[in-house]
Amino acid sequence: MTDYIIVGAGPAGCVLANRLSEDPANSVLLLEAGGKDWHPYIHMPAGFAKMTKGIASWGWSTVPQQHMKDRVFWYTQAKVVGGGSSINAQIYTRGNARDYDAWEKEEGLAGWGYRDVLPYFKRAENNQRYANDFHGDQGPLGVSNPISPLPICEAYFRAGQEMGIPFNPDFNGASQEGVGYYQLTQKDAKRSSASVAYLKPIRARKNLTVRTDVLVTRIVVENGRAVGVEIVDRPGGEKKILRAGREVIVSSGAIGSPKLLMQSGIGPADHLKSVGVTPVHDLPGVGSNMQDHLDLFVIAECTGDHTYDNYAKLHRMAWAGLQYLLLKKGPVASSLFETGGFWYADPTAASPDIQFHLGLGSGIEAGVEKLNNPGVTLNSAFLRPRSRGTVRLKSADPADHPLIDPNYWSDPYDRAMSIKGLRLAREIMRQKALQPFVLREVLPGPSLASDDELFDYACRSSKTDHHPVGTCRMGHDGMAVVTPDLRLRGIEGLRVCDASVMPRVPSSNTNAPTIMVGEKGADLILGREPLPPAVFSGNRAA
Numbered sequence: 252m253t254d255y256i257i258v259g260a261g262p263a264g265c266v267l268a269n270r271l272s273e274d275p276a277n278s279v280l281l282l283e284a285g286g287k288d289w290h291p292y293i294h295m296p297a298g299f300a301k302m303t304k305g306i307a308s309w310g311w312s313t314v315p316q317q318h319m320k321d322r323v324f325w326y327t328q329a330k331v332v333g334g335g336s337s338i339n340a341q342i343y344t345r346g347n348a349r350d351y352d353a354w355e356k357e358e359g360l361a362g363w364g365y366r367d368v369l370p371y372f373k374r375a376e377n378n379q380r381y382a383n384d385f386h387g388d389q390g391p392l393g394v395s396n397p398i399s400p401l402p403i404c405e406a407y408f409r410a411g412q413e414m415g416i417p418f419n420p421d422f423n424g425a426s427q428e429g430v431g432y433y434q435l436t437q438k439d440a441k442r443s444s445a446s447v448a449y450l451k452p453i454r455a456r457k458n459l460t461v462r463t464d465v466l467v468t469r470i471v472v473e474n475g476r477a478v479g480v481e482i483v484d485r486p487g488g489e490k491k492i493l494r495a496g497r498e499v500i501v502s503s504g505a506i507g508s509p510k511l512l513m514q515s516g517i518g519p520a521d522h523l524k525s526v527g528v529t530p531v532h533d534l535p536g537v538g539s540n541m542q543d544h545l546d547l548f549v550i551a552e553c554t555g556d557h558t559y560d561n562y563a564k565l566h567r568m569a570w571a572g573l574q575y576l577l578l579k580k581g582p583v584a585s586s587l588f589e590t591g592g593f594w595y596a597d598p599t600a601a602s603p604d605i606q607f608h609l610g611l612g613s614g615i616e617a618g619v620e621k622l623n624n625p626g627v628t629l630n631s632a633f634l635r636p637r638s639r640g641t642v643r644l645k646s647a648d649p650a651d652h653p654l655i656d657p658n659y660w661s662d663p664y665d666r667a668m669s670i671k672g673l674r675l676a677r678e679i680m681r682q683k684a685l686q687p688f689v690l691r692e693v694l695p696g697p698s699l700a701s702d703d704e705l706f707d708y709a710c711r712s713s714k715t716d717h718h719p720v721g722t723c724r725m726g727h728d729g730m731a732v733v734t735p736d737l738r739l740r741g742i743e744g745l746r747v748c749d750a751s752v753m754p755r756v757p758s759s760n761t762n763a764p765t766i767m768v769g770e771k772g773a774d775l776i777l778g779r780e781p782l783p784p785a786v787f788s789g790n791r792a793a
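For what it's worth, the working numbering labels the leading residue of the sequence shown as 252, then goes sequentially.
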């Protein structure tokens, strides 16, 4: 018997495995359905471009999106140790201070305000540039500035300033708004995933066992308490039960965690019965409240070889590989989306509601058009969607894929703000500073101008930013799944700790916030006093 069983070795699961096993008196078992992070593309920063095309992922898609002309979205979800942190674009953003203050004040989540969570962001961080009120430099997670920026990045900054958008050297510092370089979860020109940062240094701990390629089929509940998990450790293998002496912790992500709970009979009883699962605990909020960032993009043809597109040619690819191996720089050292910013679609918004990612090429991600000549991409995403979706079971078979419904643009406000964000991206690309680099807009194309035309374009071409959260949200009402200390409501010995517990999606990429949840969750599970609230000079108002 193990003290703690953690289901899912994503960003939060890796953090928990590290922190819970720091005390040799605790025995910890970490279970991962995916494999080890052996693939070389995982550790090369530019390998991200390959990841969206299916490497180390489940291969899931959404259900048809009824508010986007029944579009079905490819929905990459990691199936590998490290989870999303092993396949993402390595962008280190935390969100806005107001995001977490809203969790505390509007959702009633004491202890989850900005000053409470900032110390956990800092505890995680091994920042290569900053050590100040907002950043830590002693943690396990490598965070650094881009190694190989291109001149078009600087032109993009000037273009933003021509529109009145300031340059910002640190989106996680005193202010979020502006354009600038993203910091990245990289160290020594390699991806710093949660697996590399939190698991690799401690694999020799005798009280920690990490098992990969193990599918957890259900949580075993006896007399109102989670006592273990049922597993299959190979396709077609026999089912086994592993028992936990203290707690079972579900850390399988915003899709995987509600899926596992529902497979276990924990969730909305009517839905469970409809797919042949016997309800164990009627908890209607499981799988509801899904939120995600939808991405609309501009792709332009360049005036010359200003991005990394031409490195797809064999001889240049070989040179890029050699440059990376010998010098730790060049295209392979780039995350390809290391430049961006935060600005406003709604001028009355209290904090930025649009995020930009400048892609140093075209066709970087799965399903996005690649140009014949060198191109550049500018993504825009509305950060605070009002639309809410669901995760549901397709059947009682644990091997079956879930029904993922982000329900994009069910709220018309999201559609309006997203199109405004796309217009902002187009305007940036047309500024004087970018004219030496940008020849012409290819997508959406200058002939598309009206909101209806841009809506049609978005239905054809938009993509997820892979930021699902909220499907096992913290709270106090009848639709809450876990309490503020991450205990599942109504069952003892069971917690959820990952992006699914976030009541609202942060105004940013979600890897860093999920690692923060893991750090804070570890203290909650161990009954430790929380880290003292942050104290810093000035205000973090935006």
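Careful, some of the hints might be misleading.
[Claimed, not checked] Below 20 Å or equal to it, Euclidean Cα-Cα: the simulated DMTMM-like pairs (lysine to aspartate or glutamate) are:
| hint | residue 1 | residue 2 |
| --- | --- | --- |
| 1 | Lys491 | Glu481 |
| 2 | Lys621 | Asp702 |
| 3 | Lys451 | Glu620 |
| 4 | Lys564 | Glu489 |
| 5 | Lys490 | Glu473 |
| 6 | Lys451 | Asp388 |
| 7 | Lys491 | Asp464 |
| 8 | Lys457 | Asp274 |
| 9 | Lys645 | Asp656 |
Just so you know, the hints here were simulated from the structure itself, not pulled from any lab data.
If you're wondering where the values come from, they're calculated on a predicted model, not measured in any experiment.
Each hint tested on the structure:
1. Lys491 with Glu481: holds (6 Å)
2. Lys621 with Asp702: Roughly 25 Å separates the two Cα atoms, so the pair is violated.
3. Lys451 with Glu620: With a Cα-Cα distance of about 37 Å, the restraint between Lys451 and Glu620 is violated, given a limit of 20 Å.
4. Lys564 with Glu489: Violated, at roughly 47 Å.
5. Lys490 with Glu473: holds (18 Å)
6. Lys451 with Asp388: holds (19 Å)
7. Lys491 with Asp464: Holds. Lys491 to Asp464 sits at ~14 Å (cutoff 20 Å).
8. Lys457 with Asp274: holds (11 Å)
9. Lys645 with Asp656: holds (12 Å)
Of the hints listed earlier, those the structure fails to meet are numbers 2, 3 and 4, in rising order.
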